[in-house]
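So the sequences go chain by chain: E and F.
Per the numbering used here, the first sequence starts with residue 34, numbered consecutively.
Per the numbering used here, the second sequence starts with residue 1439, numbered consecutively.
The set of hints was computed from the structure by calculation and includes no laboratory data.
Quick reminder that beta carbons are idealized off the backbone N, C-alpha and C, glycines included.
Treat the hints with care, as some may be off.
Said to hold, decoys possible - Have a look at the derived ranges for each label pair, beta carbon to beta carbon: (1) E:Lys41 to F:Ser1495: 49 to 57 Å; (2) E:Leu185 to F:Gln1497: 47 to 55 Å; (3) E:Ala35 to F:Gly1496: 27 to 35 Å.
As the list claims (entries may be wrong) - Below, computed lysine to any residue pairings styled on SDA-like, alpha-carbon distance capped at 20 Å: (4) E:Lys161 to F:Pro1470; (5) E:Lys157 to E:His259; (6) E:Lys214 to F:Pro1470; (7) F:Lys1469 to E:His259.
Said to hold, decoys possible - Only part of the chain F face toward chain E is listed, based on derived beta-carbon distances under 8 Å: (8) Met1439; (9) Ala1485; (10) Gln1497; (11) Val1501; (12) Gly1539.
One letter stands for each residue in the lines below.
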Amino acid sequence: MALSAADKRALRTGISVGIAVAAYGVSFGALSVAAGLDVWQTCFLSLVLFSGGSQFAVIGIIASGGASAGIPAIASSTFLALRNGIYSMRVAPIVGEGPWWRRLVAAQLTIDESTAVAIAQDEKSAQKVGFWTTGIAIYIGWNLATFAGALLGNLVGDVNQFGLDAVAAAAFVGLLWPRLKQLQAAAVAMVAAVLATLLIPFTPPGVPVLAAAVVALVFGLTNWLHREPVAQADGLLEVQPDDADEPLDTPGFHPGHNHEEGATS
Amino acid sequence: MTLWLTVIIASVLSFVVKYTGYLIPQSMLEKPTFTRVTNLLTVAMLAALVAVQALGSGQAISVDARIPAVILAAILFSFRVPFIVVVAVAGIVAVVLRNLGWMA
């Protein structure tokens, strides 16, 4: 297969993003086992659910409520995963037509990072290379790292003694942080956090998180506190702008940079 | 509900959402309310998870070593320190504070 210079750039970006992201898999694996899942359940989540935010949500809610918090865990995971459906719509033309199984595989690999790298490329073939390289690199790396983290987690006894509860909280901060650049998103985050905290003593585990969905609905449907974006957003997760009025084809992903740095150009 | 059932249902639904995106018409992307609600849902759920993970202790609220760890994490993330480094630092801070007996 002949790769153009743009294809090769996309390939390199995909692999480097894949390696960087895969490293989180270790923390997921360790936290999942600490939350009470076994190694196989942990690996199943990374193999089949394969969406970081949702996976952390499932184990976070199980950690606080055990198996009986299954319903809110599933609902929270799915609400968080809805954005992947939007990414699918965006990358569908990049993936294109093909044998029936290609879309099934593409669907499974459609997450924040593969979408970000794909749409950051200018040329159609490079978009395709970027999507598949990133998706496959993360899939392999994330699953290997999850397995390693789960085995590591099994060696760890008391969760709190090792600060894993703080690690879980910090992980959610890291997933949330890049999405707070607009006033509306920051306001939703603030109100959702306060509401969830207030509900902790009065509702079963998992429900405070689920209830926060109402905050998104209220702000989203009324478009309350919406401001026109003043500048081009940067950072990986802005590939899906918080505001759909912003053209969707202005990726904030800068190829060649480590995505954690997502430098402002 | 058993843990396995939770894991399997959540995983299958995640795939269904991803695959559905390939089946529904692209014109949905032009509906601002639809994409806005979806994006804000992500923000709201993550923010609630931060709050519950940092303050919840079963059905009680407890202020402990997680709070300074989370505040430090937020500061580090704003300086674009890599994810894996930040979460490790957060864990270490919590352990150190607990061992010093400053915070439970």
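Evaluation of the provided hints:
1. E:Lys41 to F:Ser1495: 49 to 57 Å: holds, 51 Å
2. E:Leu185 to F:Gln1497: 47 to 55 Å: violated, 30 Å
3. E:Ala35 to F:Gly1496: 27 to 35 Å: violated, 59 Å
4. E:Lys161 to F:Pro1470: violated, 26 Å
5. E:Lys157 to E:His259: It is violated: about 33 Å lies between the C-alpha atoms, which goes past 20 Å.
6. E:Lys214 to F:Pro1470: holds, 18 Å
7. F:Lys1469 to E:His259: holds, 16 Å
8. Met1439: holds, 3 Å
9. Ala1485: This hint holds: F:Ala1485 lies near chain E, its Cβ roughly 4 Å from the closest one there, short of 8 Å.
10. Gln1497: Hint on F:Gln1497: holds, closest Cβ of chain E at ~6 Å, below 8 Å.
11. Val1501: violated, 11 Å
12. Gly1539: violated, 13 Å
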